[in-house]
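Q: If you want the building blocks of each chain, they are given just below.
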Amino acid sequence: MTLLRIALRLGRMGAIATAALGTVGAIAQPLAFATLAGNTPAERAVFGQQMELLALQLTYLLPLPHGLGTMAGWIEWRALGFLEVVVGFWAVMAASGAGRGDEERGLVEHWLAQGVSRGRYIGLRIVAFAALAMAASTLAVGAAGVGAAIVNDGVPAGALALQGVALVGLVLCCYAVATNDYS
Amino acid sequence: MNAGKRTPVGTHALTKDYGAHRGIFDLDLAVNDGEVFGFLGPNGAGKTTTIKLLMGMIHPTRGGATVFGLDSDRDAVAVKRQVGYVPGETPQFGGWRGSMIVAYVAGLRGGVSDAVVASLAKRLDLDLGRRYREYSHGNKQKLLLVLAFMHRPTLLILDEPTGGLDPLHQQVFYELIREARAGGTTVFLSSHVLSEVEHVCDRVGIVREGTLVTVGTLAELVGVRARRVEVEFAGTPPLARLAAVPGLEQLDVRGQRVRGLLRGDIAPLLSAIASERILDLESREPSLEEIFLSYYAGPAKRE
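Protein chains in written order, with my numbering: chain A, 1 to 183; chain B, 184 to 486.
Worth flagging that the hints you see were computed from the coordinates, not collected in a lab.
Ideal Cβ placement from N, Cα and C applies to all residues, glycine included.
Among the hints, erroneous ones may be present.
[Claimed, not checked] Derived coverage of chain A by chain B (criterion: at least 3 residues anywhere in the stretch with Cβ under 8 Å from a Cβ of chain B; other residues may be distant):
1. 99-107
2. 149-157
[What the hints assert, rightly or not] From the structure, some residues in chain A lie toward chain B, with a derived Cβ separation under 7 Å:
3. Val-92
4. Ser-96
5. His-110
6. Ala-113
7. Gln-114
With the hints as extra help, turn the sequences into a complete structure.
A: Encoded structure:
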């Protein structure tokens with residue numbers, strides 16, 4: 001348990017920053033949608049068409065737009081799409097820290113010298129990152145749901161949960177790829 | 184492996200070759216139970232490489248090492264459980280407090296007494312409540328000493344442990360080593376500080392350019408070494424006779440004063456100068472510094 005606590009502590013700053021950024025962004029986007037998109041279906045359809053034209057220009061960074069005239073489509077593209085970039089960046093930074101940064105700081109040698117096996121050390125670093133990634137993603141996705149609920153335009157909880165699962169999957173894939181590159 | 188089951192540290196042809204003659208080569212060494220062994224050499228001689236091999240941090244190119252009969256490479260985790268270790272470079276814990284670092288290490292080790300930690304911190308005058316990044320280099324070193332000693336290990340492997348310590352706390356460190364030895368702990372201590380090994384070590388191994396040059400007690404090392412002699416003649420020094428004295432080397436003539444390094448018996452020198460009028464004659468035992476330097480005078484032999 002001590003090693004897991006150490007691993008969680010080593011990753012906490014990135015997790016806090018990502019969760020804070022993701023939560024604020026995710027709660028703000030539904031509020032912004034309610035303000036900008038209009039109240040009638042016709043107004044929202046026009047808003048969606050205009051935003052899709054803009055969104056198509058950003059597909060090198062954000063996912064393909066779909067249904068931007070609806071709250072769910074807007075959250076998927078504007079809130080979670082942005083969050084995917086953020087968590088991907090965090091995963092790469094965390095992997096470089098675990099793979100190279102800690103070694104250069106002498107921390108890997110220090111913990112291994114206490115009688116910890118390399119396999120256990122690596123395994124618990126991954127478990128800790130996965131736990132932090134789940135927590136940060138849950139907070140952000142939950143914030144999007146809360147934002148939508150505040151403006152009385154709720155989205156299905158199941159759909160949001162699946163978006164959260166996809167987000168965690170993405171961040172773990174990024175972490176794995178980056179770890180492989182740094183090890 | 185020729186090391187016995189209970190030999191705290193044993194190596195057999197231990198080699199780590201980094202290329203370009205860097206590393207440690209064919210190291211054969213046995214450290215006895217309960218002794219303080221000094222591993223002496225200049226920077227880059229291979230001391231830290233040897234310690235990392237003993238700790239199982241790196242894999243040997245050939246040969247092997249045992250710690251209490253356990254293979255340092257294959258059984259690295261079990262080895263580390265028995266060892267208190269001070270690395271050559273201080274790790275960077277950033278803003279963690281000293282007490283937090285101690286708590287984490289104690290959690291990983293188990294069986295650490297708060298009283299022992301408090302006692303070590305008090306003796307080393309270390310404030311565990313401060314953040315690591317606020318510690319001076321000396322205080323970081325003190326924290327590493329606390330971490331190495333606090334679980335009462337049966338073997339201490341210390342890589343230049345007094346770096347950054349002031350003389351007062353160096354004395355405390357020497358006391359800790361003596362107490363550990365009295366309690367049956369074996370100590371393997373690397374250093375390039377000669378006074379350190381003079382203070383605490385029972386035996387010393389001198390390593391140069393990756394090769395173990397000699398191993399012996401301090402008394403043995405002093406005994407095999409030459410003495411410094413200095414003679415002031417009333418007249419012209421008899422240089423031809425002095426040059427013929429067996430074992431007299433490094434003659435340095437300054438006017439009527441002759442200095443040299445005499446290996447072996449002093450009687451031939453006294454015979455050579457017996458017919459001269461001598462104003463002053465000085466002969467003294469070499470310091471460990473001079474012993475140390477004499478082992479670095481020539482190139483190391485390596486195949």
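Q: Take the hints in turn and mark each one as holding or not.
A: Status of the hints after comparison with the structure:
1. Given as covered by chain B, the segment 99-107 of chain A passes the check, having 3 residues with a CB less than 8 Å from a CB of that chain where 3 are the minimum.
2. Counting residues of the segment 149-157 of chain A whose CB lies closer than 8 Å to any CB of chain B gives 0, which falls below the minimum of 3, so the coverage claim is violated.
3. With 7 Å as the threshold, the beta carbon of A:Val-92 stays out of range of chain B, its nearest partner Cβ sitting at about 20 Å, so the hint is violated.
4. Checking A:Ser-96 against chain B by beta carbon gives a least distance of about 16 Å; that is not within 7 Å, so the hint is violated.
5. The criterion of a C-beta within 7 Å of any C-beta in chain B is met by A:His-110, whose closest approach is roughly 4 Å, and the hint holds.
6. Annotation: A:Ala-113 was flagged as interfacial toward chain B, and the flag holds, the nearest CB pair being 5 Å apart, inside 7 Å.
7. For the restraint placing A:Gln-114 at the interface with chain B, the shortest Cβ-Cβ distance is roughly 4 Å, inside the 7 Å limit, so the hint holds.
When the structure is compared with the earlier hints, violations turn up for hints 2, 3 and 4 and for no others.
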